[in-house]
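Trainee: Each chain is listed here by its residues.
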Amino acid sequence: MAFVRLILKNALRNRRRTLLTTLSVAVSLFLLVSLRTLITEMKGDTLMTEQSGRRLITRNAVSLQVPLPIAYKEKLARVPGVDRVSEYQWIPSWYREPNIPLMIIACDPDFMGTDPQYVIPPEELARFKADRTALIVPQKLMDKYGWRIGQRITLRGSVFPFDVEGTIRARFDAPAQNAIFCWYAYFNELVRRAIPDRADKSMAFVELTHSAAVTPSVAATIDAMFTNSSGPTRSESEKNFVLGFSAMLGNVTLFISAIAAAVVFAIVLVTTNTMSMAVRERRHEIAVLKTLGFRPGHVVLLIAGESLAISAAGAIIGIGGARVFFRVFDIYDLTNTVIQQFNVTEETMLLAALLALAMAVVSSLVPAIAAARTSIANTLRDSN
Amino acid sequence: MLIPLKYNIRNLAVRRAATLLTAFGIAVSVAVFVAVMALVEGMDETFVATGDARNIITLRRGAISETGSIIDVGAPLVVRNFPGIEAISAERLVYVSTPRLSGTGSSNVVIRGLGDTGRALRPQVRLVRGRWYRPGARELTVSRSIASRFRDCALGDEFPTGSVRWKVVGLFDAGNTAYSSEMWTDPDGPATAFSRRAWSDIVVRATDKAAIAPLLHLLDTEPRIDVDARTEIDYFAEQTKASSPVRILGNVVAVIMAVGSAFAAMNTMYAAVGSRTREIAVLRALGFSGRAVALSFLSEAVLLSVVGGVIGGLAALPLNGLATGTTNWFTFSEMNFAFAITPSLLARGILFAIAMGTVGGVLPAMRASRLSAAAAMRAL
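Each protein sequence line maps, in turn, to chains A and B. Going left to right, the first sequence walks through residues 1 to 384 as my numbering numbers them. Going left to right, the second sequence walks through residues 1001 to 1380 as my numbering numbers them.
Honestly, the hints are just simulated from the structure, not real lab data.
Here chain A is said to cover these stretches of chain B; the calculated rule only asks that three of the stretch's residues, wherever they fall, bring their Cβ under 8 Å from a Cβ of chain A:
id : stretch
1  : 1013-1026
2  : 1059-1065
3  : 1088-1100
4  : 1106-1118
5  : 1157-1169
6  : 1264-1270
7  : 1322-1330
Every beta carbon over 10 Å from chain B, so not counted as near; a handful from chain A, in silico:
id : residue
8  : Thr46
9  : Ile120
10 : Leu125
11 : Glu165
12 : Tyr186
13 : Lys290
14 : Arg327
15 : Ile331
16 : Met349
17 : Ile369
18 : Arg373
Derived pair list, reagent style DSBU-like, types lysine-lysine, alpha-carbon separation capped at 30 Å:
id : chain 1 : residue 1 : chain 2 : residue 2
19 : A       : Lys43     : A       : Lys144
20 : A       : Lys144    : B       : Lys1241
21 : A       : Lys75     : A       : Lys201
22 : A       : Lys129    : A       : Lys75
23 : A       : Lys239    : A       : Lys129
24 : A       : Lys140    : A       : Lys239
25 : B       : Lys1241   : A       : Lys43
26 : A       : Lys201    : B       : Lys1167
27 : B       : Lys1241   : B       : Lys1209
28 : A       : Lys239    : B       : Lys1241
29 : A       : Lys201    : A       : Lys129
30 : A       : Lys129    : A       : Lys140
31 : A       : Lys73     : A       : Lys239
32 : B       : Lys1241   : A       : Lys140
33 : A       : Lys129    : A       : Lys73
Just so it is clear, CB atoms sit at the ideal spot from N, CA and C, and this is done for glycine as well.
Use the sequences and the hints to build the structure in full.
Mentor: Next comes the structure, spelled out in structure tokens:
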């Protein structure tokens, strides 16, 4: 106990230096936690619901740009293990500000409300299903644009040569809040008027299977069914579909990890420097401690302990700070709905804390060993 | 009178370990900054290198990219008769989800359907192996860098898209332009293979610079077609926005790391001041002013940071020219580019280091200047 107090006393002797080192470690750990959260969020885990495992997305094997004929819907519905099928068509658009993209998804109105984690007031859902030009809007977008139920809005198309004019009939709350939903039938009418060629087609279909266990085999059955058709398909779980987008970015994970490694290296340099300065200034008292009977092991512990104390303080400020920061500031709004969530998970916090611990030990090694090795006679002789 | 800089250089050399540790800390921040910004520069350079001042790109009104544009089949017949046109090329673009050779998933690679005129409008693109595709034969001539990074698109390969198979008959080199991320075929290729009859864009070459403005106006106002026209330069300049998420990431990371490094530099400089109390007292006794002492310590901090900046820039330098690819969210398709470490980027890196050194050095320098000779001597 007295030993711990000695460590803390030592740490607080040069308050300014300890404070600066602690803050340096804290900002670096804040950055580290943010980078890891960026990677975990790119995997889209927090956007998934329990039912995600039962959702399959089927699209043209060529790419999302080449749509599938609407006739596939009935064939898909007959595949054993499939509960329900809906068209799934993106309509890239914008509202008032062309620079802020908005996504509309055209689907089968009966598909809405099948996921209990997409919370929709039942009477609103009923009204959505009763109106061909109805829209369901995520709560966060309702707030962002100040919309209300019953309001008629015009969303300008940025790929299709038409606008989607609809009435907001319902709102929903869910992990993913980036898309507005409308009826596929309404979208198809608009397409038929503007580009008759493109009518009766959907970018993709989404199927709800009986259980997560059968999903992979259902996917295989579907793709096998269309192998020799004019439009072969690729079916994958909702999760893999989302992962596919991060894969498109290329080796982002590697790039971010490289930055994180650089940050770790920088922290080690900073703490090593601090501990070396401390050891250099205290050469004489270390010699005195040794004269009093402290063993080299004690001296090592003393230095390593001080480094740990500084890192621990930095970790609390940096890691805790990151958690609080991303709770308080709404990333969804700051990035114009591009990043929907930025949850600093417990796992990330734990990993960062362990890393801080390891870095503290590593950076105290060289100074601590140097301190342990100093010879009493030489040091004390030098003091004048 | 100023204290000679040599004094600072010698001090940094004497306190070698602390100097290096601090300089390395600054170097790491600079290296990360330069590396991330080299990616941004590389992407931007690609876009800038692609545009031709006399070419006009015509997209559907409101569309932001060639792949996201749908133009009526009859539109080229209307545009063809406009005055001031030297050449016109209607093109179809379809992106194809293609697996990478590295096994790290798939990306969308563009197949561009264009005729002889279209090729003539892009003199940057030249055939390096094999031959150009023949119309109607389901043949592809592929960018060399795509062929080396994606599956089934090397010379002689069969490239499958859905139920259709294409033969890769040639490779082209498009230098540092956006075309180096594409595969080319005749305009009817995408129409029959993907049942896509509409055009994606109409590229128009003006007879001369003076013809551009009237042509843009005609294209924008012609009631029979619903298009937005802009020069290629403007089109690709707009796409440099594709790099802005990386730019934001780079700036945020750099600023946070810089704060950490500045604190560390501050520590080192405070320690330098602390351990040189006697020297400072002597300097003051010799008649150097407090301001000269402050300036001396500040320049020592800056010197330290310049060393860090140079090391950081050198550490990032091997990345220069490294080819990589990512998805351009405007076109929703792959874009190849190379990290570009330009002299101006290196200069920015060193300025960034100097900023860290200055922030870290100001307070310790002020402290040094406030030590009075008598008090400093007494403290010993």
